[in-house]
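Listed here are the chains, written in short residue letters.
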Amino acid sequence: MSTKTAQAEGERAATGSELVALAPVRDRNAGTDFTPALFETMSVNLSATERRVATLGARRTVKKAWQAAWLIRAIECIDLTTLAGDDTPGKVERLCAKARNPLRADLVKALGLEDYRLTTGAVCVYPMMVATAVRALEGSGIPVASVATGFPAGLTPMQDRLAEIRYAVGEGAHEIDIVISRRHVLTGNWAALYDEVRAMREACGEAHMKAILATGELKTLSNVYRASMVSMMAGADFVKTSTGMEAVNATLPVSLTMVRSVRDYLDLTGQVCGFKPAGGIRTTKDAIAWLILMKEELGNDWLKPDLFRFGASSLLGDIERQIEHNVTGRYSSADRHGLA
Amino acid sequence: MNTIRDILDTMDYGPAPEDATDVRAWLARHEAGFGHFIGGAFTKVKGETFTVSNPANGQKLAQVAVADAGDVDRAVNAAAKALKTWRALSGNERARHLYALARHVQKHTRFLAVLETLDNGKTIRETRDIDVPLVARHFYHHAGWAELRDDVFPGQEPVGVCGQIIPWNFPLLMLAWKVAPALAAGCTVVLKSAEHTPLTAIAFAEICAEAGLPAGVFNLVNGAGETGALLAGHEGVAKLAFTGSTAVGRLLRRQTAGSGKKLSLELGGKSPFIVFENADLDAAIEGVVDAIWFNQGEVCCAGSRAIVQEGIADRFHDKLRARMEKLRVGDPLDKSMDMGAVVAPVQIEQITAKVKAGIAEGGQMWQPSWAHTVATGGGCFFPPTLFTHVAPSSTLAQEEIFGPVLASMTFRTPAEAVQLANNSRYGLAASVWSQNLDEAFDAARTLKSGIVWINSTNLFDASAGFGGYKESGFGREGGREGMREYLVPAFQAKAKALPESAPLAAPTPAPGPASGGGLDRTVKLYVGGKQARPDSGYSYPVTGPKGRHLAEVGLGNRKDIRNAVEAAHKASAWSGMTGHARAQVLYFLAENLELRAAEFAARLADAGASASAARREVEASVARIMHYAAWADKYDGAVRAPDKRMLTLALNEPWEVMGISCPDEAPLLGFVSLVMPAIAMGNRVVATPSQSQPLAACDLYQVLDTSDVPGGVVNIVTGDRDTLADTMAKHDDIAALWYFGGTKGTELVERESAGNLKAVWANNGKARDWFDATQGQGEEFLFHAVRIKTVWTPFGV
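So the protein lines, in turn, are chains X and G.
The first sequence: position 138 = 138 (the numbering used here), numbered continuously.
The second sequence: position 725 = 725 (the numbering used here), numbered continuously.
These are calculated hints, taken from the structure and not from any lab test.
There is no bait here: all hints are sound.
Calculated pairs, DMTMM-like style, for lysine to aspartate or glutamate (alpha carbon to alpha carbon, straight line, at most 25 angstroms):
(1) X:Lys63 / G:Asp9
(2) X:Lys285 / G:Asp129
(3) X:Lys285 / G:Asp19
(4) G:Lys644 / X:Glu217
(5) X:Lys63 / G:Asp6
(6) X:Lys63 / G:Asp129
(7) X:Lys304 / G:Asp6
(8) X:Lys304 / G:Asp12
(9) G:Lys730 / G:Glu566
(10) X:Lys64 / X:Asp115
(11) G:Lys744 / G:Asp733
(12) G:Lys84 / G:Glu210
(13) X:Lys285 / X:Asp106
(14) G:Lys730 / G:Glu747
(15) X:Lys64 / G:Asp6
(16) X:Lys63 / G:Glu18
(17) G:Lys319 / X:Glu296
(18) X:Lys109 / G:Asp6
(19) X:Lys64 / G:Asp22
(20) X:Lys295 / G:Glu18
Source: prediction; values computed, not measured.
Please work from the sequences and hints to get the whole structure.
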C-alpha cells in the first residue's frame, strides 16, 4: 500500500523460503472531476441487495485447510484498532505488539507459516497516539492508520479537520481515516461533499485516505452508493463503512452496495479503490462472509490488505480460537491467546 | 509445498462436500429395489424395473419397479377404499395428519436434501435451502386448509381420488404441491413420480408411514409415461393433476376428455425477464442468476428470455458476462456450487441441440472462459450460456430449452417490452426489473402471465397461487385458489344426466308460416354490436311445443364464430373498464330487460314454458343480472402475506375472450347465468344460445343495444351448439371455453381444446338447476370467469 508496506512485502519475499510475488504496484486513485451523472440516477434495490447477501453465505464456504488459509488472510487484512477515550501509550504499545505477532507461535508453525511474517494489516489509533504506534511498529512494515477530521461526527470546523490530518501525517501516520459530513449526504449536497473530501485528500498528501461514510447514519442504500461514488471521485483510496460509533455499523447489505460502487467506479474510470468494513465484525463467520463478498463481487485483488481491510478490535481473538480448533480439532478458549 | 501458502496465493474455495453416508446406507439397505407404496405398504419388486442413476457421476443409485396396469389398479382401489374414511374425518383430524407430515419432513430435512441432490443433480444448497423448506412450508400451510375447509369453502366437497403426475425438476417439492392440497381437501392420492427421480417420493412414502398417515391416503406408483397414461386413464380417478411438458399436457387433455375428470396442468414456459433502464442493474444481474441458473435452468418458470432496454443492453451484458465468470458448476454435493448436474444425458442432448440451432439461427453465444473445463466425470454438466442478438422469431426465443441457457434481446419502449414478452405461446411467469414502480406495475398488469415478480424472481410460497396463462396450462397450485382444484360443488354428486339435445331441424324452408302473424321478422346473429346475416346463408326453423313453427333462425358456422371472435378481440376496452362502470351497464341491462318482461315471458311461453314458469324465468334472469352487477366491482382478488416486506397480490384478471355454449334448457336464464358473470369480470364473449330455443337470447340483441353494452362484448351466434363449440374449442384466440351441453359435446370440446390448452369448464352432460341460487350463480361462476395473476413486489428502503 504505502511505500513502507511495499518494502515490507519485499522483505517477506527475501526472508521466505520461496519467492513471493510482489503485489502489483497500483496507481493511487486520483479521483475524477465531480461528475453527478455517475451516481445521481442510481437507485439501489434493498430487497434484492438483502437477498444477495443472504444467499452469498450459503453459496460459498471454506473448510479445513482452506478455512485456515482464509483466516490467515483475514488477520492480514485487520486494521487492529483502539479508538477509546482511555487509550494510553501502554495500551497502544500492547496493540502494536499484537499486530506484530497476531497468532500464537505454535499455531503459526503448525500451519507452516514460520517464514511468512504474519502481521495485521495496520494499527489504527487516534492522532495523539500515532507517534507511539509508529515507534512501536518500527521495522515491522506495519502501517499506522489514524482517524482524523473530528472523528467520529466530523462536525468541527473545516480548517481544524484539515489541520488534524496534517498533524497525524506529521506524526508519521501512513493512512488517514477521515469522516465525511453526513449532512451533505442527507441534504443531497453532493458538490459540497466532493469538495470536502477533495480537500482532505490533498491534506493527506502521500498518506492514503480512507473515507468513512458512517452508513448507519445515511440510512438508505442509495445514499450509501452515492456517497461512496462521490468519495471515490474526490480521491479516496478506500471507502469505509463506519466509525464503529454509529448505532448500526458494518452490515453486509451496506458493504455489498459500497463494493458494487467500487466496481462501477473501476468500470467507469479505470481506477481502483479499496474497501474497509468497520464496526461490529467480531466473529470468524463474519470475516469469512466478508471475504466471500469481496471475492465474488470484486475478485481476488480485493482479498489483500492493499485493497481490503477489516476495522475491528475483537475479531482477531475469535480468529485465533478458530485457527487453534482448525489445527488441533479441539474448541479453544480466549485465555489461550495473548491479549492485544 | 505448503498447502496454506498455496491457498494464500490462489485464495480458492477448496472442496466442501456434504456427507452422504447415511443416505447411501439407506440406498444400500434397499439394494434389492423399491416397489410401489400401495395401501400403506411397499409392494415387492417384481416384473419390469428401471435403474435410477446419479446424474453427477452416472453411478447407479437404485433399482425401481415399473407399475403396470395391475399396480395402478391396486393403487387406485386402495385410494378409493381410504377415501371413505379420510373424507369423513373432521377438518381438525385431517389437519393433525398434515401437521404431522410437515413435522416429519422437518425431522428428515437433511436426509431428504441429500437424497434429492443424489437423485436429481441439483445442488445441496438448493435442496437444503429451497426445496425441502418449501416442502415443509407447504404441508404446514395446508394443515391450515384442512382445518378451515368447511368454513372457507361452504358447499364444496372433495373431488375424490386424485391421480397426480410430477416432474423430475423439483421431485419432492412438486409432490408437496400436489399431495398437500389434495389431502387437505379430503381427497386421497395416487402419485406417479418421475422416472428420472423417484427416490424422494419413496422416502416420502416412508415418512407417511412413520407419521401415521392412514393406509391408502397416499399411494405411490413408479414408472415412465406408460404408467402415467395408465393412471390418467383409470376410471377410478376423479381428478388429474399434472406438472410437466406442454406436449404431455396436451396428450393428457385429449386422453381425459369426456371422462369427467377434473384436470389441472402446470406446463412449460419461456418466461420473460424484463430489465428497464432505471433498474438496479446489479440487482437484476443477480436476478438473472436466480432466474435461469437456478436448478440448472430446469425450471418451468425460468426467466429464459432477457428483454433489456436497448440503451443499457451493452452494460447489462458486460455485467452479466462478468457475473457468469464467477459461477461455479460441479459436484452438486459440494456446498460451494452454483449449479450441479443436469438430470440425465438425454437432457444434455436436448439442450445441446437447441443451443446448436440457436447458433445456426444467428444468435451470438457466450460461455464463461472456464466452460470447457467443467469436469464431466461421467456426469451431466452444462455451463451457463448466454445468447445475445436473439431475434423474437428464433427458436431460442420461442422454444423452451429447460437448461441453463439465456436468450437476450432488446426493446425500446415499455409497450414494446410487454409486446415482446407476450409474444409467446406460453404465459407462466415474468420478471420485471425497474426502480420505477409506475413502470413495473404497468408492465405487471399488461403481461399475460400467471405470475409476475417485480424486482425479484422465482419466489414461491404455499399461500400464493402458482400457474400459467395460455399454453403454460390452467389451474393454480398453492393458496386458496389451489384448494379449489381439489373441491367440487356438493350438489354435483346428485346431479341428473341431461338427455342429449335433439338434432336441429333441417335448414330448409318450413312447411308453414311462423305463428303470430305480423310483419315478417328476420332473426340474425349478433356480432360486434350489429345484427349480421349468417355466413352460411342458411336458416333453421325453431319450433314450439307440439311442433308449432315459431321462427327461422340463422345457422351460424365456423366463419361466424371467427368473425365473432374478431369482434370480441376488438372490444378490449371492456376489459379495461372499472368494475363500477361494468356494473352500471349490467344494472341498466337488468332495468331494460325488466321493462320488457312481459314480452320475454311470452317468448318463453311460446317455447313451451307455462305462463308462470316463463314469468319466473324472466324475473330470475333480471335478478341474476343484478347479482353479477353487484359482483362486478367486488370479485377483485386478494393480498397474500408470504413476507412482511412483500406485497403479493392475487389479481383476478379476465380471460378476455371466452366462448360459451349455453344449455338447451332455461333458454333465457341459462344464457344470462353464464354470460353475465363472464362479462361482469371483464371478459368479452362469443356465446351460442340454446340451440332449440334461441329466440329469447336473440331478443336480447335490442336490450344489449339499448343498455350501453359496447359492441363486441357479447356476441351471439345461433346454430348447432356442438358444431359451433367444436370451432370455438379449436380457436386458438379464445382463452377459455364454458360448455353446458351433453357428454359427447364435453368430450369434444375438452379434446379439441388441447390445441391452445384453453381452460374448459364443462358440465359433463349433467343438469344444473338454473333457478337454484346454489347451482345457478355464485363464486363458482366468478372463479371460472377469471384467471389469477400473482404479482410479487418486494419493497423497502
